[in-house]
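**Student:** Once you know that position 242 of the sequence shown is 242 in my numbering, the rest is easy, because the numbers rise by one and skip nothing.
Keep in mind that the hints are not guaranteed to be accurate.
Derived pair list, reagent style DMTMM-like, types lysine to aspartate or glutamate, alpha-carbon separation capped at 25 Å [to be verified]:
1) 32 - 264
2) 306 - 373
3) 367 - 269
4) 306 - 354
5) 378 - 269
6) 378 - 305
7) 40 - 264
8) 94 - 354
9) 32 - 13
10) 94 - 154
These aren't lab readings, by the way, just hints derived from the structure by calculation.
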Amino acid sequence: MILHDNSTLFWLENDLLSFAISALLAGIIIPKILLIAFRKNLFDEVNERKVHRGVVPRLGGIAFFPAMLFALFLVIAIDLRIGSGLMNVALASKIVPLSFEICAIILLYLVGIADDLIGVRYMAKFVVQIISAVLLVCSGMYVANLYGILWINEIPIWLSCLFTAFIVVYVVNAINLIDGIDGLASGLSTIALVFYSIVFFQGGEYIFSLVAAATAGTLFPFFYYNVFGDPNKQKKIFMGDTGALTTGMVLVFCAIAVMSARPDFLNVDYNPAMVALSPLIIPCFDVFRVYFHRVRHHRNPFLPDKCHIHHKLLALGFNQAAALMLILGASVAFIGINVLLSPYVNPTLLLILDVLIWTCGNMGLTKAIRIRERKTGKVLYE
């Protein structure tokens, strides 16, 4: 049931409150993490693949999940305590998927902390990601309809469960792998989460809107420390695998929630698949291109290198801030174009257009890099 005018202000206040609480709490926790990291010498290793200089802790993501969880359940608890019928109605049908999602995030949060502190083999991380994907499927949330993408609509339940598990693992890794320059993973994730929160809010899926808003709130103070923090003053921090994995899990949860929502979820005739996919295009397209690039050059597709989209922009001479703004701007453009065109353009053709734009853009960047290499006589990108 969609709740209308009399509840709009109530849910808007809840979204803003959850965002503010999580932002405030993360803003309090992150400086404490910095203090502990410098006292215990817990820093990110500097090597030829990294673009940063100086000692920087990579434990910022430790603040994300506690801040999000505290904000989300504090808002829910306050509403239930004051006897809000609106919260009771909204929570009744969402408690199962929400509970499974929290369990999945806990697993990724724990493996992320272990990886950031002592290192975890990528196969072990894959196993935990698969278990998290199974938990999400067990909640009853799975992609049972592609809404015309590749001219496919409803798919069998066994295939939809497998496909959903694949999507979870793919998106979580995509967010982790795109985290290569200051503010990129957090910036892309914040754009996506704000977009999902608005979509859920307008569609009456208010609990999911709270989840997206609370998670977005944790990223705001982190973005400040990550982008504007001075490592010389011990104020800079990275999100690490803890932040990337947990944020990725929330993002894929939101995307699947859009695609598995009730038929009247979107008030306008937008395509649910394109609405779900659009905020994730850049990380998902980039990780596919990177894996293909590694395999084509006979490299291990699971070992890190310097062939992501941000590495191309850096090779062209852009600084990190300029590369960040270009990629974030491209993400907003993909969202706007896909959502606006989805009621009028076949989703398969729209997806093909996205792929063509991405491919042509990458080919253009590679060509520009080769021209610059010939001029400078240096190898800038491999």
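**Student:** With reference to the structure, classify each hint as holding or not holding.
**Tutor:** To see whether the hints hold, each was checked on the structure:
1. Using a Cα cut-off of 25 Å, the hinted pair residue 32 and residue 264 is violated, with the two alpha carbons roughly 45 Å apart.
2. Simply put, residue 306 and residue 373 have alpha-carbon atoms about 16 Å apart, close enough for the 25 Å limit, and the pair holds.
3. The suggested pairing of residue 367 with residue 269 is violated, with an alpha-carbon distance near 40 Å, which exceeds 25 Å.
4. Note on residue 306 and residue 354: the hinted pairing holds, with a Cα-Cα distance of about 24 Å set against a maximum of 25 Å.
5. Taking the CA atoms of residue 378 and residue 269, the gap is about 51 Å. The hint is violated against a cut of 25 Å.
6. For a cut-off of 25 Å, the pair hint linking residue 378 to residue 305 stands: about 18 Å separates their Cα positions.
7. Note on residue 40 and residue 264: the hinted pairing is violated, with a Cα-Cα distance of about 53 Å set against a maximum of 25 Å.
8. Restraint check for residue 94 and residue 354: not satisfied, since their Cα atoms lie roughly 33 Å apart, outside the 25 Å limit.
9. Annotation: proposed proximity of residue 32 to residue 13 is violated, straight-line Cα distance about 29 Å (limit 25 Å).
10. With a CA separation close to 23 Å, the supplied pair residue 94 and residue 154 stays within the 25 Å bound.
Comparing the model with each numbered hint stated earlier shows that hints 1, 3, 5, 7, 8, 9 do not hold.
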